[in-house]
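> Input sequences plus hints: build the corresponding full structure.
Residue numbers (my numbering), protein chains in the order written: chain A, 1 to 350; chain X, 1001 to 1600.
By construction, these hints were calculated from the structure, which means they are not laboratory data. Even for Gly, the Cβ is constructed at its ideal location relative to N, Cα and C. Treat the hints with care, since some could be wrong.
Stretch-level coverage of chain X by chain A, calculated; a stretch enters the list once three of its residues show a Cβ under 8 Å from a Cβ in chain A [claimed, not checked]:
{"#": "1", "region": "1027–1034"}
{"#": "2", "region": "1195–1208"}
Taking lysine-lysine pairs in the DSSO-like style, the calculated list, with each CA pair at most 27 Å apart, reads [as the list claims (entries may be wrong)]:
{"#": "3", "chain 1": "A", "residue 1": "K160", "chain 2": "X", "residue 2": "K1538"}
{"#": "4", "chain 1": "X", "residue 1": "K1597", "chain 2": "A", "residue 2": "K160"}
{"#": "5", "chain 1": "A", "residue 1": "K5", "chain 2": "X", "residue 2": "K1538"}
{"#": "6", "chain 1": "X", "residue 1": "K1499", "chain 2": "A", "residue 2": "K225"}
{"#": "7", "chain 1": "A", "residue 1": "K7", "chain 2": "X", "residue 2": "K1435"}
{"#": "8", "chain 1": "X", "residue 1": "K1555", "chain 2": "A", "residue 2": "K193"}
{"#": "9", "chain 1": "A", "residue 1": "K7", "chain 2": "X", "residue 2": "K1597"}
{"#": "10", "chain 1": "X", "residue 1": "K1418", "chain 2": "X", "residue 2": "K1585"}
Quick list of simulated restraints, FRET-style, between CB atoms [claimed, not checked]:
{"#": "11", "chain 1": "X", "residue 1": "E1049", "chain 2": "A", "residue 2": "T161", "range": "50 to 58 Å"}
{"#": "12", "chain 1": "A", "residue 1": "T161", "chain 2": "X", "residue 2": "G1072", "range": "47 to 55 Å"}
{"#": "13", "chain 1": "A", "residue 1": "L13", "chain 2": "X", "residue 2": "N1591", "range": "34 to 42 Å"}
{"#": "14", "chain 1": "A", "residue 1": "L13", "chain 2": "X", "residue 2": "D1166", "range": "19 to 27 Å"}
{"#": "15", "chain 1": "A", "residue 1": "K58", "chain 2": "X", "residue 2": "E1075", "range": "30 to 38 Å"}
One-letter residues, chain by chain:
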Amino acid sequence: MSFQKSKFHHPRLPVNDLGLTYRDYEGALSTLCAGCGHDSITSAIIQACHEQSIPPHKVAKMSGIGCSSKAPNYFLNKAHGFNSVHGRMPSVTTGANMANRDLLYLAMSGDGDSASIGLGQFAHVVRRQLDMVYMVANNGVYGLTKGQLAATADKGVKNKTGELSIFTDIDLCVMALQLGATFVARSFSGDKKQLVPLIKAAISHRGFAFLDIISPCVTFNNHPKSTRSYDYVHDNVVTGAIADFVPVKKEITSDSAQGGCEDICLHDGSIMRIQKITADYDSKNAMKAIVDIEEHKKKGEILTGLLYLDPTGSHFHEINNTTDTPLNQLDQDTLCPGSRILSSINDSFR
Amino acid sequence: MRKTDTSSYQHFLKVVDCQQACPAHTPVPEYIRLIAEKRYDDAYMLNWESNVFPGVLGRVCDRPCEPACRRGRVEDKPVAICRLKRVTADNKGNILHRLPQAPFKKNNKRIALIGAGPASLTVARDLLPSGYEIILFERDAKAGGMMRSQIPAFRLPETVLDEELDYIINMGVECHFGEEITSLKNLLQRKFDAVFVGSGAPTGRWLKIPGHEKVSTHADTGINWLSNVTFDHVDKVANSVIVLGGGNTAMDCCRTAKRLGATEVKVLVRSSFDDMKASPWEKQDALAEGIEIMPNYSPKEYVFEKNKFVGVLFEKVQSVYDPIGKRTLKATGETLLVPCDFVLVAVGQDTAYPWIERDIGLEFNKWQQPVVNKNSLQSTVKQVFFGGDAAFGPKNIISAVANGHQAAISIDLFCQNKHPANDRPESAFNLISQKMGIHEWSYQSKISHQERNLVPHINWEDAVKELKQEVELGFDEQLALEEAHRCLNCDVHTVFEEKSCIECSACEDVCPMDCISFVEYNPDSAISLKEQVLPQLKVSTINPQQEILVSDKLKTGNLMIKDEDVCLHCGLCAERCPTGAWDMKKFVLSNIASTIKEKQ
Ligand SMILES: Cc1cc2nc3c(=O)[nH]c(=O)nc-3n(C[C@H](O)[C@H](O)[C@H](O)COP(=O)(O)OP(=O)(O)OC[C@H]3O[C@@H](n4cnc5c(N)ncnc54)[C@H](O)[C@@H]3O)c2cc1C
Ligand SMILES: Cc1ncc(C[n+]2csc(CCOP(=O)(O)OP(=O)(O)O)c2C)c(N)n1
Ligand code: SF4
Ligand code: SF4
Ligand code: SF4
Ligand SMILES: [Mg+2]
Chain A
1 MSFQKSKFHH
11 PRLPVNDLGL
21 TYRDYEGALS
31 TLCAGCGHDS
41 ITSAIIQACH
51 EQSIPPHKVA
61 KMSGIGCSSK
71 APNYFLNKAH
81 GFNSVHGRMP
91 SVTTGANMAN
101 RDLLYLAMSG
111 DGDSASIGLG
121 QFAHVVRRQL
131 DMVYMVANNG
141 VYGLTKGQLA
151 ATADKGVKNK
161 TGELSIFTDI
171 DLCVMALQLG
181 ATFVARSFSG
191 DKKQLVPLIK
201 AAISHRGFAF
211 LDIISPCVTF
221 NNHPKSTRSY
231 DYVHDNVVTG
241 AIADFVPVKK
251 EITSDSAQGG
261 CEDICLHDGS
271 IMRIQKITAD
281 YDSKNAMKAI
291 VDIEEHKKKG
301 EILTGLLYLD
311 PTGSHFHEIN
321 NTTDTPLNQL
331 DQDTLCPGSR
341 ILSSINDSFR
Chain X
1001 MRKTDTSSYQ
1011 HFLKVVDCQQ
1021 ACPAHTPVPE
1031 YIRLIAEKRY
1041 DDAYMLNWES
1051 NVFPGVLGRV
1061 CDRPCEPACR
1071 RGRVEDKPVA
1081 ICRLKRVTAD
1091 NKGNILHRLP
1101 QAPFKKNNKR
1111 IALIGAGPAS
1121 LTVARDLLPS
1131 GYEIILFERD
1141 AKAGGMMRSQ
1151 IPAFRLPETV
1161 LDEELDYIIN
1171 MGVECHFGEE
1181 ITSLKNLLQR
1191 KFDAVFVGSG
1201 APTGRWLKIP
1211 GHEKVSTHAD
1221 TGINWLSNVT
1231 FDHVDKVANS
1241 VIVLGGGNTA
1251 MDCCRTAKRL
1261 GATEVKVLVR
1271 SSFDDMKASP
1281 WEKQDALAEG
1291 IEIMPNYSPK
1301 EYVFEKNKFV
1311 GVLFEKVQSV
1321 YDPIGKRTLK
1331 ATGETLLVPC
1341 DFVLVAVGQD
1351 TAYPWIERDI
1361 GLEFNKWQQP
1371 VVNKNSLQST
1381 VKQVFFGGDA
1391 AFGPKNIISA
1401 VANGHQAAIS
1411 IDLFCQNKHP
1421 ANDRPESAFN
1431 LISQKMGIHE
1441 WSYQSKISHQ
1451 ERNLVPHINW
1461 EDAVKELKQE
1471 VELGFDEQLA
1481 LEEAHRCLNC
1491 DVHTVFEEKS
1501 CIECSACEDV
1511 CPMDCISFVE
1521 YNPDSAISLK
1531 EQVLPQLKVS
1541 TINPQQEILV
1551 SDKLKTGNLM
1561 IKDEDVCLHC
1571 GLCAERCPTG
1581 AWDMKKFVLS
1591 NIASTIKEKQ
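This is the structure we're talking about:
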């Protein structure tokens, strides 16, 4: 058995601004099933963080319960992390973000974790616009508990044991759009060309960024009746626009901006470059995105790519007017300014 | 679609770089695995079959396999392949019963061998079991060629050599020791079905600088002097000795002089230290024994004062390199007189063919080397074959062995009235799955990160006291096992099957070396496959020496590309593959000797 991956790496691996290779962003060797889509998401996250030169110790990996929620163990082993109770990742992340707004919150959840037991938590963290990257590995089943249908499974599909999905499916992207998320995208674990730029943009985005990533469960949901199998997704994925991420330091060349490209400037100065595939694609119209998603679904297609982006939206700390200094850095005197200040506050209520 | 052609063994042999680099294509990783299993007899026999002298070569081989070893691409140093070969010889039991057992059923063909060096003896060993009668002529009193006469016993003990020579001689060689062939014409009249010339390159070169005519009593060629030491014609040397030259002969000369009691030994060489021809380990050993190596000195004159030899005059030179790396020596004008009592000239050696008449149809080229077909080693006299140093000038033992195998095949074909060059057999090959169960392989797939082990040796002060005391002690079992685990099992290939691949990219994601990439490819594009594919590889700068494996079109139209260059053969790709599209398969050649060919 080889539960070890050699520390040898390619002698010509590129290093990033921090002098790190992508191998420095890895975690433990995955114990997920061979061929699980979640492992591809892991490697996309590693690639995105490496290329963005994210200092691993400035990241908190948050997750709930599920195969997908195990994934943070397999990337960024030098980052902080919290593997919470099933469906409770959003509230734990909210708490952590309140205490330390300086960290990058990379959250990894599953469609069971977020659309079933954690649906309430999911809805509220979107509403609150918490500054985080919220990723869901969407495989249409509860992988960890052996393949029961998840709430995201399309109505009318069957799981591996033949159980029919009889209820309306939940589309988390549609919910996120309705609830005011400022960054909403859908992608496919098997398409890193699309996924990596989206993760990078989600990291650069300030505010709540939601990424629903179709991620086939090879063991329990890769059969011919599934709409989350590798073959089905390969055959039925469509995209409205190709979104490329241009980091801050890269000079923007005018000729590549030609040819129907639209550039959206993100909070940190990086650029999301959109190249339309369908003429009526519009990254600024949440209502239209919802309609597009549903229309494609009717045709049996899965619409992927950047669905909606508002780089100017506010996030929780701004809305709530919290202090710029992370709470965990405030000292006793600042937090507890003494009886004189307290009485002046009390006086103001009289 | 230009899927990589994997129908011949060549594709797979290329990935086993050590085996490919070994002139005799010794199955290195296989014998290293056998060592790891402590199956020393099996490991020895596997070596014996391909390189004939494992105990000898495990000590003194030139080791072209080691610079080729893929381990050197992922860390500092290659696997100590040569030292591991010695481990098989040191730890084997009695293997006599595993050798081909004489008497063999005769085929009534008589083959004459000239010289009893490694080339001739390999021919003998390969042909005897098929019933050939082998008649060997050697001018020395014993077999071995330069392995005995020139390579000093402190590197290669006589007992080791004798044992491996006897394995062959006892298979039934008719030996004529002390019999020098002085006329090939006469020999050819003695009704041999074929003649193999393995007479080596026995003549040491002199340096024809001023004073050369007078210096003979104060100088000798290195190879002549070394054989005189071996055969006890020389047992002492002057106090102060200088050695001219920077090759392995120079290293053996200086170390031998030290052992015969010279108090001051210097090696002066025209090249820089790094460019010296001697193997790095021989230079290190010489330095460790207190020998001074002085690079960048070109000999100018043997200096005599009042008819008395006083030393050698040198000019300091500088190596300058042109843009393609070709070296020229630039004189600096600075000179140095190095006083000494005795000079050993180790600046090269040549073949010598005064005994081959020039009117028998045997053609020589302008360098006075016989003209031979490089694959069959057949000369222009069709029953005469050449091999080893005799054919191509001074090389090394393993090349002589490889030539021996080639010539044996040729002679066998020739004696059956087949064409030695055109009718050569091809090797078949097998790919055997190493899968034992889920995540279980029949080889150690876990990568050891252990650094190369140094071979233990006797202490350097004692080493120079005894002429015949072997310096290296060889690996003990623990070091041997540790070193064996460093091998990356490059003969266990990653074999890909397009039709099972679901393109989940699990292999691409897990590979620690970024060997695997799934890429888009447009067959209708005017842009070549290479140009389309290379920029998409995970690490796009490829090693031009190594080919990339290109798959057939996959379901999505994409291609799988594997860059073999730095693959660790760790099997993670196959373990991570949900459908078994990757398997780890051991590559086995059925006829290694037939794969020895002229390097293209
Ligand atoms: C000092 C020195 C050190 C070396 N060290 C190494 C080393 O560490 N590793 C390595 O791989 N190689 C080494 N070599 C090279 C190696 O010894 C030779 O390349 C190798 O022995 C060549 O084998 P061969 O069979 O072609 O010929 P040889 O070994 O040269 O054998 C030729 C034989 O033919 C006999 N012979 C010649 N002419 C006649 C004739 N007319 N009639 C009858 N017999 C004849 C000779 O006596 C000799 O025994 C070294 C060489 C030298 C000089
Ligand atoms: C409170 C609680 N209820 C139920 C479970 C059982 N359980 C574990 S994982 C899981 C579903 C996970 O599904 P998903 O989030 O889609 O992850 P996947 O394994 O599919 O990636 C469930 C129901 C649990 N661990 N805790
Ligand atoms: S059960 Fe499914 S989701 Fe879980 S690790 Fe296996 S393939 Fe992945
Ligand atoms: S690692 Fe082993 S098999 Fe690979 S080249 Fe080196 S010795 Fe040969
Ligand atoms: S065996 Fe497979 S996983 Fe291991 S280095 Fe080679 S290609 Fe990569
Ligand atoms: Mg799930």
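> Look at each hint and say if it fits the structure.
Hint check results:
no., hint, verdict
1, 1027–1034, "violated (count 0)"
2, 1195–1208, "violated (count 0)"
3, A:K160 - X:K1538, "violated, 35 Å"
4, X:K1597 - A:K160, "violated, 56 Å"
5, A:K5 - X:K1538, "holds, 18 Å"
6, X:K1499 - A:K225, "holds, 21 Å"
7, A:K7 - X:K1435, "holds, 23 Å"
8, X:K1555 - A:K193, "holds, 18 Å"
9, A:K7 - X:K1597, "violated, 37 Å"
10, X:K1418 - X:K1585, "violated, 35 Å"
11, X:E1049 - A:T161: 50 to 58 Å, "holds, 56 Å"
12, A:T161 - X:G1072: 47 to 55 Å, "holds, 52 Å"
13, A:L13 - X:N1591: 34 to 42 Å, "holds, 40 Å"
14, A:L13 - X:D1166: 19 to 27 Å, "violated, 53 Å"
15, A:K58 - X:E1075: 30 to 38 Å, "holds, 31 Å"
Consistency with the previously given hints fails for numbers 1, 2, 3, 4, 9, 10 and 14, ordered from lowest to highest.
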